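Novice: Single-letter residue listing:
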Amino acid sequence: MPRSSASLTALLTAAAALLPAAPSPAAESDESNTRASYRFSEYDENALNGPVIGDPQRYRVLSQQLDVDTKLDGGAWGLKLDATHEVMSGSSPWFVEPDAKGRPVQVLSGATIRDHRSALSVALTQGPGTSANTTYTASYSAERDYRATAVGVEHSQPLDAATTLGYGGSFSHDLLRPTDAAIYGRIERATKNTASAFASLAWVLDRDSVLQAGVQLNLERGFLSDPYKLFAYGDQVLPEQRPGRRTEAAGLLRYRHSFARLDAALHLDYRYAQDSWGLTSHTLEASWYQSLGNGWRLVPSLRWYGQSQARFYAPFLIAPEGQRYYSGDYRLGTFGAFSTSINVRKAIGRWEFSLGAEHYHSAKGLALGGGGAAVPALVDFTRAWAGLDYGFD
Amino acid sequence: MRLSPVARLVGLVAFCAALGACATTPVQPWERAHLARWDMRWDPDSVQTAMKQHAYFSKEGSSGAIGAAGGGCGCN
Amino acid sequence: MEGCESTEELCSNSLYPCPSVLLRVRLLSERKMPLFRYAFSSMGSPCEIQIEADDESIARAAALKAQAEVARLDEKYSHYRDDNWLARLCASAGSGQAVELDEEAANLIDFAAALHAQSDGRFDITAGALTKLWDLQSGRVPTRADIDTARAHVGWHRVTWRRPFLSLPVTGMRIDLGGVVKEYAADRAAEICRNHGAQHGIVDLGGDLAVIGAHADGSAWLAGIKSPRNPQRVHASVELAHGGLATSGDYERVMIVDGKRYSHIVDPTSGYPVESFASVSVLADSCLVAGAASTLAMLFGVERGGRYLRELGLPYLTIDADGRAGGSRAI
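Residue numbers (this note's numbering), protein chains in the order written: chain D, 1 to 393; chain B, 1 to 76; chain H, 1 to 331.
Simulated from the structure, these hints should not be mistaken for lab results. Don't take every hint at face value.
Claimed, not checked - Cross-link-like lysine to aspartate or glutamate pairs, in silico, EDC-like; alpha carbons within 20 angstroms at most: (1) D:Lys-71 <-> D:Glu-321; (2) D:Lys-80 <-> D:Asp-393; (3) H:Lys-76 <-> H:Asp-54; (4) D:Lys-101 <-> B:Asp-43; (5) H:Lys-65 <-> H:Glu-48; (6) H:Lys-65 <-> H:Glu-75; (7) D:Lys-71 <-> H:Glu-75; (8) D:Lys-71 <-> B:Asp-43; (9) D:Lys-71 <-> D:Glu-154; (10) H:Lys-65 <-> H:Asp-217; (11) H:Lys-76 <-> H:Glu-103; (12) D:Lys-364 <-> B:Asp-43.
Quantities reported herein were computed from a predicted structural model and do not represent experimental measurements.
Looking at chain D on its own, in the form it has when it is part of the complex (with noise of 0.2 angstroms):
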């Protein structure tokens, strides 16, 4: 069929509310009733440079995720369930000690962690596609020596033709069974809570533009610490030691650009966030999503990140003064990562094919304004993925 004259477009738009059973001008070869997706991606971290104790290749995981979403009684529900299944080898960062001169030496876990995770989550909305919905969440996510079960519940109203609100709010309980606990003198069973709270406006700019702001704040209470991280207090290593509460306030501002012209659209989204600890990071991420024809669809993306240190941390205390909290885990640090994706679609039918890499470099000159403990276990990493989707009636 050719395409649509702009008067038609308009009628068929105008009309489109009240004919649920015709497909609207806008609809896109993903709008089946239900939806499979299945992805592989492998996630390979490079070997550390500078002066090592271990050794010093690190993570590598695989990763397989199958994702299905559908509609359920004649469309008033949509489910959408995913599983997710990891393997994960490699060794760590454990501690930093410092050499003769002072300068830290990373020390990473001696032998090779071999682990799997599995994790499966469920989401039910109430009206799927209609402005005003509510979804409600629940995941499950187990590894040896790690439990989550999480649940959530999120609503969208609009507060008039340009306005959207939405609010929700999530709870967590982990569970930690750290292994070889006796051997090593971690702490043999802990837990901790999160609780989530958050809100969002979205407004329609034109056209052309949408905006959305958005509030968070993260309670979490318990042993939030890392029980396989070691710190270099002094002549002694001793378990890190992190406070048993952080309360973290984020705000959020996404906004997308439609150049219907060049059938593409421009993504941007900020993160700020703010933490008790100290640690306060951005996000900027910019993504052009930009269709090809004959189903082909390209997406790079640029994402840079910067954070400050957590007050607490510190890669060693060679002289410690009563410290009641020391953390040494790379992710607590001034440090900041600039990251380049490519992702590939291409839809045949019913199917489509997608492909895509990522590499995260971070470091910390990267940071916002720098500063801050030195940071020796910076990662970079390379991720690469294959996807396959289809869609059912």
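Using the hints provided, position chains B and H relative to the given structure of chain D.
Specialist: Then chains B and H, alone, in the frame of chain D:
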């Protein structure tokens, strides 16, 4: 000047509300064909996003999108 | 069902043709499957649902459900009833109070608002007072003063519509959704028949057609478009395999005063009738869109309406005031 996180967030929301209120010409339902496109969704590829967020979550001090958070993991 | 008086009012206040283009649907091909026909009267028009089915009970159940839906829509959107939301809206006009609409009514109002914008104000669900003024039985041309008085009660741009809240600014102003509801009802009826197991059939609401599904042998339904000046004659026949067909026209409703012809198609932006086609029929994937296209083309008048139809690209047929036919090659 150092602002508390709450003050920053309030500022951010006020800025956005002002921006939203400035959108003076209302966009009519029949003018929303572009906004209804697949590539204009907040999250066009949620399966991909889940995987991506999981990688960032396990390597960064604070990350994640706004929305219902799942449980953590023992990732190193 | 509503009496004659209300039927007349429906016709004079809205653009859709009531008894005007009653299309005859007939079958050409041989069929093995029996055809069941259910005639009823609703929305001031004769209506009929035709279904081909092996089992009469399925056809009857589907037709009854569809008929109930048409009756529901007739009750809900009749502006001459005093017990529905339109009556409440009318009563609150000028008071500054808004009436809250449900999802369906809000969608219809959104649609009407879109048509108002896309027709540069010619399609106007508040135009009742003007159309009534030009009521053709009266045989006289209204005075400028009369027209201005009527126009004081007309104008969608003056209405406050903040979905789902609607309020009318002036006492005496009213909303008439007749221009879209019948086509919407035809689509709904066809949809309901499909949902109740009817696969082959057609819905006819006073000449607005919505296909349930092609004949059992896969062939299209055949619809006749009547001649506007001679309703006994079928002017053209159209094949309909899916979607809908709608016709707008001023059948038998032309007033001639002092040798000048006045149609009943009033342009609310000027207050005067438009010189337009005698009828416009459009085929589309839905009766609703077909009806909107034909109504807008009527309101645009011969020249701009013709351009509009060509630009839309939907199959159409026009008959001008002198009985000459025009249209796309597809009809």
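Novice: Evaluate each hint against the coordinates.
Specialist: Each hint tested on the structure:
no.: 1; hint: D:Lys-71 <-> D:Glu-321; verdict: violated (60 angstroms)
no.: 2; hint: D:Lys-80 <-> D:Asp-393; verdict: holds (16 angstroms)
no.: 3; hint: H:Lys-76 <-> H:Asp-54; verdict: violated (34 angstroms)
no.: 4; hint: D:Lys-101 <-> B:Asp-43; verdict: violated (50 angstroms)
no.: 5; hint: H:Lys-65 <-> H:Glu-48; verdict: holds (13 angstroms)
no.: 6; hint: H:Lys-65 <-> H:Glu-75; verdict: holds (15 angstroms)
no.: 7; hint: D:Lys-71 <-> H:Glu-75; verdict: violated (32 angstroms)
no.: 8; hint: D:Lys-71 <-> B:Asp-43; verdict: holds (19 angstroms)
no.: 9; hint: D:Lys-71 <-> D:Glu-154; verdict: holds (18 angstroms)
no.: 10; hint: H:Lys-65 <-> H:Asp-217; verdict: violated (25 angstroms)
no.: 11; hint: H:Lys-76 <-> H:Glu-103; verdict: holds (13 angstroms)
no.: 12; hint: D:Lys-364 <-> B:Asp-43; verdict: violated (30 angstroms)
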